[in-house]
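Trainee: Given next are the chains, with one letter for each unit.
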Amino acid sequence: GQNIDQPTEMTATEGAIVQINCTYQTSGFNGLFWYQQHAGEAPTFLSYNVLDGLEEKGRFSSFLSRSKGYSYLLLKELQMKDSASYLCAVKWGNAGNMLTFGGGTRLMVKP
Amino acid sequence: GAGVSQSPSNKVTEKGKDVELRCDPISGHTALYWYRQSLGQGLEFLIYFQGNSAPDKSGLPSDRFSAERTGGSVSTLTIQRTQQEDSAVYLCASSSWGTGGPEQFFGPGTRLTVL
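Chains as they are written, first to last, in our numbering: chain W, 2 to 112; chain H, 109 to 223.
No lab work stands behind these hints: they were computed from the structure.
Do not rely on the hints blindly, as some may be mistaken.
Stretches of chain H that chain W covers, calculated by requiring three or more beta carbons in the stretch to come under 8 Å of a beta carbon on chain W [said to hold, decoys possible]:
1. 121-132
2. 210-221
Here chain H is said to cover these stretches of chain W; the calculated rule only asks that three of the stretch's residues, wherever they fall, bring their Cβ under 8 Å from a Cβ of chain H [said to hold, decoys possible]:
3. 34-44
4. 60-67
Which residues of chain H face chain W? A partial, calculated answer using Cβ under 10 Å [to be verified]:
5. S166
6. L168
7. S203
Built from N, CA and C at the ideal position, the CB exists for glycine as well.
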């Protein structure tokens with residue numbers, strides 16, 4: 002089966018930097034996504050990595066190492082509104098159309 | 109509207125009843141996904157439609173669950189003889205690899221409660 006692991010919860014301080022890790026084992030790989038989900042709301046797209054390296058988008062960056070089956074999401078200059086769940090998802094399969102999500106990491110930002 | 113819409117937003121039903129959940133994807137999106145999310149849990153893949161191809165039903169938890177997509181657009185997820193463990197938020201998402209980015213756009217979800 003497909004296996005995606007990420008920490009269940011993390012806590013960080015407003016203004017700080019936090020790194021959320023994700024490791025995966027899937028049948029094939031066609032890209033890795035990070036989504037943000039606030040409580041009671043639908044997930045919203047943050048980033049997509051298909052090649053190794055770092056993708057930067059404002060305060061958020063996402064890194065991928067395909068050989069290690071590893072990704073992280075880096076959040077800088079944390080704000081209270083960043084308190085949410087962060088979902089790692091891997092696209093896999095022969096046609097590259099299957100998407101499996103990890104259990105999500107609930108991030109709590111404290112003042 | 110421009111986004112994915114789902115109806116109803118909330119559904120309360122009695123154990124043993126059938127329910128139908130509806131999803132209207134973004135116009136032109138060829139791929140449509142159904143997920144289930146239990147309280148505090150991650151997203152569980154249910155079923156995937158891509159264009160006119162046969163759907164991937166590998167995530168459906170039992171034969172009580174079925175889905176169809178008419179005309180390559182609107183999709184309906186049907187749960188027959190509902191059980192209490194079916195209580196969850198059912199999320200629909202659509203995407204278009206051909207003309208847009210790789211991301212999936214999610215609807216607001218239908219919260220199903222089985223009493």
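Trainee: So, as I understand it, the hint says S166 of chain H touches chain W; can you test that by seeing if any CB pair is closer than 10 Å?
Mentor: holds (8 Å)
Trainee: Count residues of the stretch 34-44 of chain W with a Cβ under 8 Å from any Cβ of chain H, then say if the count reaches three.
Mentor: The restraint on the stretch 34-44 of chain W holds, since 4 of its residues have a Cβ under 8 Å from chain H and three suffice.
Trainee: With a Cβ-Cβ cutoff of 8 Å, does the stretch 60-67 of chain W contain at least three residues near chain H?
Mentor: Violated - the stretch 60-67 of chain W has 0 residues with a Cβ nearer than 8 Å to chain H, which falls short of three.
Trainee: Cut-off 8 Å, C-beta pairs, minimum 3 residues; does the coverage of the stretch 210-221 of chain H by chain W stand?
Mentor: With 8 residues in contact (Cβ-Cβ under 8 Å with chain W), the coverage given for the stretch 210-221 of chain H holds.
Trainee: Does the nearest C-beta of chain W fall within a distance shorter than 10 Å of the C-beta of S203 of chain H?
Mentor: holds (9 Å)
Trainee: Using a Cβ cutoff of 8 Å, are there at least 3 residues of the stretch 121-132 of chain H near chain W, or does the coverage claim fail?
Mentor: Contact hint for the stretch 121-132 of chain H vs chain W: violated, 0 residues under 8 Å.
Trainee: Holds or violated: L168 of chain H as interface residue toward chain W, Cβ cutoff 10 Å?
Mentor: This interface hint is violated because 14 Å lies over the 10 Å limit.
Checked against the numbered hints given earlier, the structure breaks hints 1, 4 and 6 and satisfies all the rest.
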